[in-house]
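Asks: Could you slot chain G onto chain A? The hints should help.
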Amino acid sequence: MPSTGTPSPTAGTALSSAVELSAVSFGYGPTPVLRAVSVAVPAGAFVTLLGPSGCGKTTLLKVLAGYISPNSGTIRLHGQDVTATPPERRDVGFVFQNYALFPHLTARGNVAFPLEIRGISKQETRARVEAMLDRVRLSPAEWDRHPRELSGGQQQRVALARALVFDPAVLLLDEPLANLDRSLREQLRDELRRVQRETGTTTVLVTHDQDEAFAVSDYLGVMHAGRVEQFGPPREIYERPVSETVARALGIANLLPGEVVGRRLGTTVMIRPEKFHPGGSLAGRITAVRFHGADVLADVVGENFNLTWRTRTAPLPAVGEIVSLGVDPADVWELPDS
Amino acid sequence: MNRLATLPAVALAVGVTAAPLLFLLRVSLYESGGPRGFYTPDTVTLSHYAALAEAPILFTVAFALAVAVASTLFGLALAAFVESLTPGRQWLAIGLLLAPKLAGALTTVFGLQRLLPRGTVAALIAEVTFVLPYAVLVIALRLRGIPPDLRSAARGLGATRRHVFRRVTLPLAAPAVLLAFQLSLAWGLGAFVGPLFLAGPGESTLGTQIQSHTAELRWPVAAAEGVLLLLLTAMVFALPRRRGHE
Chain A
64 MPSTGTPSPT
74 AGTALSSAVE
84 LSAVSFGYGP
94 TPVLRAVSVA
104 VPAGAFVTLL
114 GPSGCGKTTL
124 LKVLAGYISP
134 NSGTIRLHGQ
144 DVTATPPERR
154 DVGFVFQNYA
164 LFPHLTARGN
174 VAFPLEIRGI
184 SKQETRARVE
194 AMLDRVRLSP
204 AEWDRHPREL
214 SGGQQQRVAL
224 ARALVFDPAV
234 LLLDEPLANL
244 DRSLREQLRD
254 ELRRVQRETG
264 TTTVLVTHDQ
274 DEAFAVSDYL
284 GVMHAGRVEQ
294 FGPPREIYER
304 PVSETVARAL
314 GIANLLPGEV
324 VGRRLGTTVM
334 IRPEKFHPGG
344 SLAGRITAVR
354 FHGADVLADV
364 VGENFNLTWR
374 TRTAPLPAVG
384 EIVSLGVDPA
394 DVWELPDS
Chain G
724 MNRLATLPAV
734 ALAVGVTAAP
744 LLFLLRVSLY
754 ESGGPRGFYT
764 PDTVTLSHYA
774 ALAEAPILFT
784 VAFALAVAVA
794 STLFGLALAA
804 FVESLTPGRQ
814 WLAIGLLLAP
824 KLAGALTTVF
834 GLQRLLPRGT
844 VAALIAEVTF
854 VLPYAVLVIA
864 LRLRGIPPDL
874 RSAARGLGAT
884 RRHVFRRVTL
894 PLAAPAVLLA
904 FQLSLAWGLG
914 AFVGPLFLAG
924 PGESTLGTQI
934 QSHTAELRWP
944 VAAAEGVLLL
954 LLTAMVFALP
964 RRRGHE
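Protein chains in written order, with the working numbering: chain A, 64 to 401; chain G, 724 to 969.
Chain G extracted, bound-state conformation:
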């Protein structure tokens, strides 16, 4: 293949992803630079990583798991519902699902602020609202790929609709359900807007923690937290992947 043709993609990957990541790693290994810069040169230290013991890791992971479980379950239910509609209505339903995305995260958050008291639940609902469309799309696309004859065949063999869902649809959709879970979990780990505007006092995730540390210009601390967040996210996608059955 023409290697030159891949150059723009390589440049993009290096420039936009790899270079900032390496810089992040570098910053996390020095003392703060205060107002003069991101870090003070010649002060290599691991103290920021040691301080991660104080970071809200457990809360972040628990929050992310809650987001992922809720998004996957609702996503599955909604995808099954969308799949049961006529094609015209399917597009309408998907449009409605995407509406919060089109309105923007802040609109959703301010709306929820009016409706709900601040707290973990409100933050959770906000984040689930953000991820749900992805979960639904991933699962609905897979459901559409299941030949309708399989469901007809199952019913002809004596399966009720519930049997069909449990014994045919769900096992065949499993890879997509797992992918939806992984996506929601990765998103949940990086949860920022929801917790920032809606979580109760003293409840912070790694995301909001990073934001407050950068506001205090403690870049190396924020960078170390960023590296941790990246590692957690990478672990999510290192989970075993299930292959389809085709």
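So that you can see chain A by itself, here it is in the shape it has in the complex:
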């Protein structure tokens, strides 16, 4: 061991990171799809990559699974460099957006597939398949049905069981809930989180749905134009976004011109719509009110600003009304790049 030299700053994180991407770039021809993406996912964490379609999030997931080889950069799983490892030797469970269940096999057969490939005995395979189908709460009546006889939600459970049954190092989910209707989506989202907690599998989910991202994630990566713009706990990203893009990716963001006392230049501050309260110096007229059930969103136009205010305190605002709003200084976030 060399006794001199500074310790590598990544040495510590490499040990605790289940997934580590360093400067991963990928593109078809001249158009870059991923631009030097670096992400470290702690072991056992549930990470969501959030971004609009075309931002490169699915490509990033396929790079992780080994379906796409990056043009440059390295991928480590549990400290091991797998950049050149083919998908079948990566030990990664992947749930496709359309589930990609084998149509010629039953639910049981689909889940048994990865175990049979690994030459695991019949009895053990049977036991593990049944335990996993139980865990994802597919009722035993469905176990011997083919995918075409199962509903979308049931197919999703089978796909999840198949991706977890061989105890992979990492679970990757490509918009797994996108093809389901809303109520089922919310139910399966919670179940996904429960199963992930029970198995402790490091998980990376890709979605364009911010509610989904908030509901399940320990960490959130906001993607835009082939980059991970910000990575961190959801609340931190929601309250302290690094850019306007990130601020807008996570719900409504009021971007208002600001002035910092003691500094000459103006700045842009972000205030979330629920942070305003009646009684303050921001006076404006309400131009639109949208009812959302639990609360209402009101558009307020002032002398030199437009903002959206989320409120549920009675009396609810009405169009044409003049309001004066205030905000706690702690709820005002100055965008670093403004």
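The hints are simulated quantities; they were obtained by calculation from the structure and are not laboratory data. None of these values were measured; they are calculated from a predicted model. One or more hints might be untrue.
Pairwise CB distance ranges (calculated) [stated by the list, open to error]: (1) A/Gly90 with G/Phe797: 38 to 44 angstroms; (2) A/Gly92 with G/Ala741: 57 to 63 angstroms; (3) A/Gly329 with G/Ile869: 55 to 61 angstroms.
Sample of chain G residues facing chain A (criterion: CB under 10 angstroms; computed from the structure) [unchecked claim]: (4) Pro823; (5) Ala826; (6) Arg867; (7) Pro870; (8) Asp872; (9) Leu873; (10) Arg874; (11) Ala876; (12) Gly879; (13) Leu880; (14) Thr883; (15) His886; (16) Arg890; (17) Pro894; (18) Leu895; (19) Ala897.
Even for Gly, the Cβ is constructed at its ideal location relative to N, Cα and C.
Replies: Then chain G, alone, in the frame of chain A:
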């Protein structure tokens, strides 16, 4: 639906298929007419069917099975190869496969005559050359219909390329493979050009037998053999059909 609109199709089916078949059946039940006609009226007999015991049924069936097995196996291998190519090259490969068809059966046969000694093997190769494009097309079309995600999913679950082929691609392509086998078998039963020009002396199939009987103007004998050939072919398509998995 408009019944009148189906009339041309019905007329075609009756005129081109059913009527000649009925005539064939009728001719097979009479004594030969010699040079005067297809048959001699008022001489109903089953003797031509009794004589079928002498017909080369076993050789024809064995030959057809060999054609079918070879075409299906090569067809599967070639279809898998075509499927692995980029789309542009897929068309090139299919064009090359169809080249013998475009050149015509006789060109192929004369070419093979130069290359191979006469015998069963040469006849077999000729017939496989004729059927192979159909087998490849039938299987390749099915392979194209298998979503690529299924193969990716299988690999992600730990399957090597060989595993993927055996456990995903092949079971999903099974209905097409069976259809390719049936088509090749039906074609092989009617094998005529290959055996006629390339088979060894004394090797004849029902097809070549029919040809030589018509050349001798023994129409009823040829007709009885024709009926037998039709029955054999019909049996091939009566084999159980496998449904797809969609």
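Asks: Each hint: holds or not?
Replies: Here is how each hint holds up against the structure:
1. A/Gly90 with G/Phe797: 38 to 44 angstroms: Holds, since A/Gly90 and G/Phe797 (Cβ atoms, about 40 angstroms apart) stay within the stated range.
2. A/Gly92 with G/Ala741: 57 to 63 angstroms: Holds - the Cβ-Cβ distance for A/Gly92 and G/Ala741, about 59 angstroms, lies within 57 to 63 angstroms.
3. A/Gly329 with G/Ile869: 55 to 61 angstroms: 59 angstroms, holds
4. Pro823: 34 angstroms, violated
5. Ala826: This interface hint is violated because 39 angstroms lies over the 10 angstroms limit.
6. Arg867: Violated, because the Cβ-Cβ distance from G/Arg867 to chain A comes to roughly 16 angstroms (cut-off 10 angstroms).
7. Pro870: 7 angstroms, holds
8. Asp872: 4 angstroms, holds
9. Leu873: Holds. Min distance 5 angstroms.
10. Arg874: Result: holds, 9 angstroms to nearest chain A Cβ.
11. Ala876: 4 angstroms, holds
12. Gly879: 4 angstroms, holds
13. Leu880: 4 angstroms, holds
14. Thr883: 6 angstroms, holds
15. His886: This hint holds: G/His886 lies near chain A, its Cβ roughly 6 angstroms from the closest one there, short of 10 angstroms.
16. Arg890: G/Arg890 check passes; min Cβ-Cβ to chain A is 7 angstroms, inside 10 angstroms.
17. Pro894: The hint holds - G/Pro894 has a Cβ within 10 angstroms of chain A, the shortest such distance being about 5 angstroms.
18. Leu895: 6 angstroms, holds
19. Ala897: Interface hint status for G/Ala897: holds (8 angstroms vs cutoff 10 angstroms).
Hint check: violations occur at hints 4, 5 and 6; the rest are consistent with the structure.
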